[in-house]
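> Each chain, written out:
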Amino acid sequence: MPDMAQQRAMGLDFAGFDLCLDAHRGRLYGIAYSILRNHADAEDALQGAFLKAWRAWPRLEDRSVAGAWMTRICVNHCIDHRRSLIARRQRDADAHRDAPAEARFQAELIDFDRAFAKLSRRQRAVLTLHHHHGYSIDECAEILGCGSGSVRTHLARAIARLREEMTR
Amino acid sequence: MKRTRVPTDSEISGRLAQYLDITNGVDVPPRIREITAMSLNDRPHIARLLLGGGAVVALAAAATAVLVVAAHQPHRGPVAVGSSPSASASASARPTATPTPSATANPTPLPTPASTAGWVTVSDAAGGYSFAIPPSWRVSGPCTSPGQAPGDPEAYEVVVGPTPSGCGADEADGILVQSYAGSSAFSTPAPGASGVTATTVTVDGIRGTRYYQPSSGCISTDYQYVFFTGGRVYQIYTLGAAASSCSVTPNPPIQDLSAFMEMIVTQTWAFHG
Numbered sequence: 000m001p002d003m004a005q006q007r008a009m010g011l012d013f014a015g016f017d018l019c020l021d022a023h024r025g026r027l028y029g030i031a032y033s034i035l036r037n038h039a040d041a042e043d044a045l046q047g048a049f050l051k052a053w054r055a056w057p058r059l060e061d062r063s064v065a066g067a068w069m070t071r072i073c074v075n076h077c078i079d080h081r082r083s084l085i086a087r088r089q090r091d092a093d094a095h096r097d098a099p100a101e102a103r104f105q106a107e108l109i110d111f112d113r114a115f116a117k118l119s120r121r122q123r124a125v126l127t128l129h130h131h132h133g134y135s136i137d138e139c140a141e142i143l144g145c146g147s148g149s150v151r152t153h154l155a156r157a158i159a160r161l162r163e164e165m166t167r
Numbered sequence: 000m001k002r003t004r005v006p007t008d009s010e011i012s013g014r015l016a017q018y019l020d021i022t023n024g025v026d027v028p029p030r031i032r033e034i035t036a037m038s039l040n041d042r043p044h045i046a047r048l049l050l051g052g053g054a055v056v057a058l059a060a061a062a063t064a065v066l067v068v069a070a071h072q073p074h075r076g077p078v079a080v081g082s083s084p085s086a087s088a089s090a091s092a093r094p095t096a097t098p099t100p101s102a103t104a105n106p107t108p109l110p111t112p113a114s115t116a117g118w119v120t121v122s123d124a125a126g127g128y129s130f131a132i133p134p135s136w137r138v139s140g141p142c143t144s145p146g147q148a149p150g151d152p153e154a155y156e157v158v159v160g161p162t163p164s165g166c167g168a169d170e171a172d173g174i175l176v177q178s179y180a181g182s183s184a185f186s187t188p189a190p191g192a193s194g195v196t197a198t199t200v201t202v203d204g205i206r207g208t209r210y211y212q213p214s215s216g217c218i219s220t221d222y223q224y225v226f227f228t229g230g231r232v233y234q235i236y237t238l239g240a241a242a243s244s245c246s247v248t249p250n251p252p253i254q255d256l257s258a259f260m261e262m263i264v265t266q267t268w269a270f271h272g
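Same order as they appear, the protein sequences are chains A and B. Counting from 1, position 103 in the first sequence corresponds to residue 102 in numbering that gives the first Met the number 0; the numbering is continuous, with no gaps. Counting from 1, position 44 in the second sequence corresponds to residue 43 in numbering that gives the first Met the number 0; the numbering is continuous, with no gaps.
I should point out that these hints are in silico values taken from the structure, not numbers from a laboratory. Mixed in with the good hints, there may be bad ones.
In silico lysine to any residue, SDA-like type, Cα no more than 20 Å apart, as pairs [what the hints assert, rightly or not]: (1) A:K117 - B:S182; (2) A:K117 - B:G181; (3) A:K117 - A:A39.
Label-pair distances were calculated between CB atoms; the ranges are [unchecked claim]: (4) B:D20 - A:S135: 12 to 22 Å; (5) B:P29 - A:P57: 25 to 35 Å; (6) B:G230 - A:E163: 14 to 24 Å.
Where a beta carbon is used, it is the ideal one built from N, C-alpha and C, also for glycine.
Make a model of the complete structure from these sequences and hints.
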C-alpha cells in the first residue's frame, strides 16, 4: 500500500474512501436489495458500484456531497446491472414471480412482495429513495439523472401498479 | 384470501413503509462489509488505472443484437416537426450485417452530420419499427424489459449510439428506443413541470409528441418523442448534459445526442405495425 505522501501524489485517499464506505454501505446495500430483490444481484451490483466509485473518487472535489454522490453511483449501477441480466431474468421471470416470498416477510406482506416485484427497477428505486429515504423529487431526479417529471411519472405509475396488484 | 376492493392510499403507504423497512434493513453480507479502498485498489484494472495512468477502455458487453441492420437509403424526405403526415415508408428486404463494435470511455463531442446519407438501417420486427443510424454507431439490444409499461410486462428496448454499454443500456449511453403494447406512455416529463415543452409532431404519418425538459441543477436535459399507433407505444429518448455547476457527477459526462435523435426520428423513422 502506498504511504500517505504517495497516496496524495497519486490522488488516492484510502482512509477518506473507507470512511465514506463505512458511513453509507449499510444504507446502500438496503437500496440495492430493494431495487434488485435478491442478495446475489445486490452484492454483485454493489461491488461494481464501489469499484466505480473508487475509480472516480480522486475526481470528487467536494467530499461533503460524498453520500449523495455514492448513492447516485450505486442506484444507477443497480439499474444498469439489472438490465445487463435482463435476458436471464426474462427467461426465469415466471418462475421468479411465482416463487414463494422469502420467509422474512410476514404473511400480509407476501402479496405486497409479489406486487413490488412487478414494478420496474426505476420504479422500485424511486419508491425506495422517496418513500423510505426521504429524498425529494428533485433529489431523486439528480440521483437517477433524469427529469423531475420522469420521477413523478415513475412514482405515479408505481403506486397505480401496486394498487392494481393489491386489488386482484 | 384475495382482496376484492381497491386499497386506499393510506393502506398502500402503510404496506409500502412496512415492506421498505424490511428490504432496507437487511443484513449487509460479509462480502460487502469487507470491501475497502485497499481491496478495490487491488483489482488489477483499477490499479492500472489509478497507478499507471493508462487510458480507460470500456469493454462493452457483446450485443445480442438480432436486429436487421442494413445500408440506409433515404426513403423519404425529412418530416418537419408539426407538419402534415407524409407518405408512409415501406420496409424493403435488407441484407443482414453486424454493427461494428467500438469502445471508448470518454466520448469526444460529435459533429452534427449534414445528412443521413450512408447511414445504416436498424429494423426491429418485434418492436414494429425501423430507423437509421450513423455507420460507426453500435446497436445494443433488443432486450425484453419486463415491467416497463403498466399492465404490460414486455417492452422491447434498443439503445443506439457511439458506445452503448451492452444489452439494455441506459438512455445516458445513447438513444433509447422502447416499444410496448398500451395506450399510455411510460415516463414522460410532466407537462408544465420545470419548463417542459411538448410539441405535436407527425412522423411517417403518425402523430406524436416531442418533449423537451431543460437541464436544471444536476438534472440532465431530457429529450423524448412519444408515438401511439397500432395499440403500441413508441418512445425514443436521450439525455443531454447536466448543468456544469453540478458537483455530483460521478459518471462520465453524458454525450448530447439530441441532434442525432432529431435526424433519426424526423428523417429515418418508419412504423411497421
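> Are the hints correct? Go through all of them and say.
Right, here's what the structure says about each hint:
1. A:K117 - B:S182: holds (19 Å)
2. A:K117 - B:G181: holds (16 Å)
3. A:K117 - A:A39: OK: A:K117 and A:A39 at ~19 Å, within 20 Å.
4. B:D20 - A:S135: 12 to 22 Å: Given a distance of about 20 Å, which is inside 12 to 22 Å, the answer is holds.
5. B:P29 - A:P57: 25 to 35 Å: holds (28 Å)
6. B:G230 - A:E163: 14 to 24 Å: holds (19 Å)
When each numbered hint is compared with the structure, no violation occurs for any of them.
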